[in-house]
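S.K.: First to last, the sequence lines map onto chains A and B. Residue numbering for the first sequence follows numbering that gives the first Met the number 0, beginning at 0 and increasing consecutively. Residue numbering for the second sequence follows numbering that gives the first Met the number 0, beginning at 0 and increasing consecutively.
Treat the hints as calculated values from the structure; they're not laboratory data. Some clues are possibly wrong.
Taking beta-carbon pairs under 8 Å as the criterion, some of the chain A residues facing chain B (in silico) [as the list claims (entries may be wrong)]:
hint	residue
1	T14
2	I75
3	M141
4	T188
5	E200
Facing chain A, a subset of chain B residues (Cβ under 8 Å, in silico) [said to hold, decoys possible]:
hint	residue
6	T12
7	L42
8	G95
9	V98
10	A101
11	Q105
12	A136
13	I171
14	T252
Straight-line distance between alpha carbons at most 30 Å, and here's what the computed DSS-like set of lysine-lysine pairs gives [to be verified]:
hint	chain 1	residue 1	chain 2	residue 2
15	B	K63	A	K176
16	A	K203	B	K63
17	A	K53	B	K142
18	B	K114	A	K147
19	B	K114	A	K176
20	B	K45	B	K259
21	B	K259	B	K152
22	B	K142	A	K176
23	B	K1	B	K49
24	A	K121	A	K53
25	A	K147	B	K1
26	A	K203	B	K142
27	B	K142	B	K45
28	A	K203	B	K45
29	A	K147	B	K152
30	B	K114	A	K203
Glycine included, each C-beta is placed from N, C-alpha and C at the ideal position.
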Amino acid sequence: MIISIASGKGGTGKTTIATNLATSLDSRVTLLDCDVEEPNSHLFIKPQREQLEKAFAFVPEINDQLCTACGRCVEICQFNALTLISDNILVFPELCHSCEGCLAVCPEHAVEEGRRELGDIKSSRSGQLTFVQGCLRIGEAMSPPLIKRVRGTIKPGELVIIDAPPGTSCPAITSMKDSDFVLLVTEPTPFGLHDLILAHEAVKQLELPCALIINRSDIGDNSVWEYADSNGLPILLEIPFDRQIAEIYSRGHILVEEVPAWRQTFQSLFRTITSLVDSEKVVQ
Amino acid sequence: MKELVIISGKGGTGKTSLTAAFAALAEKHVLCDADVDAADLHLLLKPNIKERTEFIGGNKAIIKQDVCNQCRTCIDLCRFDAISEEFEVDLLDCEGCGVCVALCPQKAIDFPQQKCGEWFISETRFGPMVHARLGIAEENSGKLVSIIRKQAKELGEQQHHNLMITDGPPGIGCPVIASITGATAVLIVVEPTLSGLHDMERVADLARHFTIPALVCINKYDLNPEIAVSIEQEARHRNLQIVGSIPFDSMFTRAMVAGKTLVEYEPTSQITEMIKDIWHTISISDAFNKKRAEYILPVLNN
Numbered sequence: 000m001i002i003s004i005a006s007g008k009g010g011t012g013k014t015t016i017a018t019n020l021a022t023s024l025d026s027r028v029t030l031l032d033c034d035v036e037e038p039n040s041h042l043f044i045k046p047q048r049e050q051l052e053k054a055f056a057f058v059p060e061i062n063d064q065l066c067t068a069c070g071r072c073v074e075i076c077q078f079n080a081l082t083l084i085s086d087n088i089l090v091f092p093e094l095c096h097s098c099e100g101c102l103a104v105c106p107e108h109a110v111e112e113g114r115r116e117l118g119d120i121k122s123s124r125s126g127q128l129t130f131v132q133g134c135l136r137i138g139e140a141m142s143p144p145l146i147k148r149v150r151g152t153i154k155p156g157e158l159v160i161i162d163a164p165p166g167t168s169c170p171a172i173t174s175m176k177d178s179d180f181v182l183l184v185t186e187p188t189p190f191g192l193h194d195l196i197l198a199h200e201a202v203k204q205l206e207l208p209c210a211l212i213i214n215r216s217d218i219g220d221n222s223v224w225e226y227a228d229s230n231g232l233p234i235l236l237e238i239p240f241d242r243q244i245a246e247i248y249s250r251g252h253i254l255v256e257e258v259p260a261w262r263q264t265f266q267s268l269f270r271t272i273t274s275l276v277d278s279e280k281v282v283q
Numbered sequence: 000m001k002e003l004v005i006i007s008g009k010g011g012t013g014k015t016s017l018t019a020a021f022a023a024l025a026e027k028h029v030l031c032d033a034d035v036d037a038a039d040l041h042l043l044l045k046p047n048i049k050e051r052t053e054f055i056g057g058n059k060a061i062i063k064q065d066v067c068n069q070c071r072t073c074i075d076l077c078r079f080d081a082i083s084e085e086f087e088v089d090l091l092d093c094e095g096c097g098v099c100v101a102l103c104p105q106k107a108i109d110f111p112q113q114k115c116g117e118w119f120i121s122e123t124r125f126g127p128m129v130h131a132r133l134g135i136a137e138e139n140s141g142k143l144v145s146i147i148r149k150q151a152k153e154l155g156e157q158q159h160h161n162l163m164i165t166d167g168p169p170g171i172g173c174p175v176i177a178s179i180t181g182a183t184a185v186l187i188v189v190e191p192t193l194s195g196l197h198d199m200e201r202v203a204d205l206a207r208h209f210t211i212p213a214l215v216c217i218n219k220y221d222l223n224p225e226i227a228v229s230i231e232q233e234a235r236h237r238n239l240q241i242v243g244s245i246p247f248d249s250m251f252t253r254a255m256v257a258g259k260t261l262v263e264y265e266p267t268s269q270i271t272e273m274i275k276d277i278w279h280t281i282s283i284s285d286a287f288n289k290k291r292a293e294y295i296l297p298v299l300n301n
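Using the sequences plus the hints, can you model the full thing?
M.R.: Structural data, given as structure tokens:
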């Protein structure tokens, strides 16, 4: 089972929910930090002995000895990553989307496999918890290829919790896709509501079952509850704003470890999700 | 035209609330909301849309089932696993590379352009604004950001404004890169949490990578004064000026609920005074006034 923790707006508490849920369970669980642009779960999990693997994407390298400057590679590239200048093919590796079209069309086999570093994938294990995080290289524009690599570490049948990036465009979609359940986290403010509606639309497009967690539930106004009510979005948890919780978070500590009562709350949240996923399967 | 882009790395640190407050304080400026993925600035500035334009992001492959002879060339070529065994393209997975379109022996694949969103030229009570709405689950946000920043710049120049204030997206990826390249300076809004500090370091690294001068503002500094001190040390270490520290205040949320900027909501409050000071500090800062080369060299050498 794959549970994604997502939100339209940033800073609503995705990482808090993901890390607390993952560490409150008594069973084996894998936590994936797919917010590869700004991964934060590791600050709470504090992984030891991480295995580091560099992730790369294909980019073309032109073998000048073989290249006849026919321009077929330039023609097929939709991303302007190749250009023909006075009988030389010039490559702009940072624009390449790794479709390998140039490799496929070159009649002279002059396009060779180069690579561009996407970032790091770090894995670690501690007790029942496996933790995998992606960390995008500074200056790398495309996060989805690295997110796909992080998701590629999932083994069939595993229980997986995904800390997704904010937003509703490709990085968020790539992280959430093919999940069994999405937990949307919001705060009850106009910005929170506006971005929740966008995120909920995205989840509906992906046809995934989802529910809501309202963080800092005692600030703002009632509009998030009204939206949830009129759109059949179940609210599974409300967390009030509390300076102690904010403090625990700020220091990189985990709520369920500092305040044991929260462990039961997160365990019961997990049971609710499991039963919702099971009932979804029955419906299908 | 000078441009200040407000970014944070981490989401939810107060970028948009501060951008809106600056919009209310600055004079002769144009506004741009570059957080096209989850744009919120319009909720406070309530722009009156004057002009809307479709955003054409890219193309997507569509297999013509009546022409396709199921030879599998497309499935073998697609590096994005976007084509199913039933020879249907999953538009969410399709990267728009067109390799299958070009190499299908039957010429059975169409490649229509996709409308990925819309962008707007608007008028607000604080001046002109350019903003956008990226479609749900769409890509090419970087391209849309580049378009609206260019439009905002042109609009500002037409109206003889000399300042552009841009609300940036969270993260360090393509929309952020598209938001900051060519800007005069960025303001990094950071909260005093380990996550906030960590994300500030990454986004400051990004600004340095693209040689953009950066300033730092600490929001909600009293939630963890110790980490606020670490942020100050980190900023000093990087030669980044701290333009101010703002305490946690429920006024941020109350103003948002009222649909007002902080300075309009409580014009005489301490927070408003602080934000005025911060805006003044930014406007006279070296990062925003010295020539970029002159400013950025000591930062790079650090």
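S.K.: Are the hints correct? Go through all of them and say.
M.R.: Checked hints:
1. T14: holds (7 Å)
2. I75: Holds - the Cβ of A:I75 comes within 8 Å of chain B, reaching about 5 Å at its closest.
3. M141: holds (6 Å)
4. T188: At 5 Å from the nearest chain B Cβ, A:T188 passes the 8 Å test, so the hint holds.
5. E200: Check passed: Cβ of A:E200 comes within 5 Å of chain B, closer than 8 Å.
6. T12: Holds, about 6 Å.
7. L42: OK, holds: B:L42 within 8 Å of chain A, min 5 Å.
8. G95: holds (6 Å)
9. V98: B:V98 check passes; min Cβ-Cβ to chain A is 4 Å, inside 8 Å.
10. A101: Hint holds; B:A101 Cβ to chain A Cβ min 5 Å, cut 8 Å.
11. Q105: Check failed: Cβ of B:Q105 comes no nearer than 17 Å to chain A, outside 8 Å.
12. A136: holds (5 Å)
13. I171: Interface hint status for B:I171: holds (5 Å vs cutoff 8 Å).
14. T252: holds (5 Å)
15. B:K63 x A:K176: It holds: about 26 Å lies between the C-alpha atoms, which stays within 30 Å.
16. A:K203 x B:K63: Roughly 27 Å separates the two Cα atoms, so the pair holds.
17. A:K53 x B:K142: holds (28 Å)
18. B:K114 x A:K147: It holds: about 25 Å lies between the C-alpha atoms, which stays within 30 Å.
19. B:K114 x A:K176: Measuring from Cα to Cα gives roughly 22 Å; hence the hint holds.
20. B:K45 x B:K259: With Cα atoms ~9 Å apart, B:K45 and B:K259 stay inside 30 Å; holds.
21. B:K259 x B:K152: It holds: about 25 Å lies between the C-alpha atoms, which stays within 30 Å.
22. B:K142 x A:K176: holds (23 Å)
23. B:K1 x B:K49: holds (24 Å)
24. A:K121 x A:K53: Satisfied, since the Cα-Cα distance of roughly 9 Å is no more than 30 Å.
25. A:K147 x B:K1: violated (38 Å)
26. A:K203 x B:K142: With Cα atoms ~25 Å apart, A:K203 and B:K142 stay inside 30 Å; holds.
27. B:K142 x B:K45: Holds, at roughly 24 Å.
28. A:K203 x B:K45: holds (28 Å)
29. A:K147 x B:K152: Cα-Cα ~36 Å, so violated.
30. B:K114 x A:K203: The given pair, whose Cα atoms are some 20 Å apart, holds under the 30 Å limit.
Of the numbered hints given earlier, the model fails hints 11, 25, 29; all others are met.
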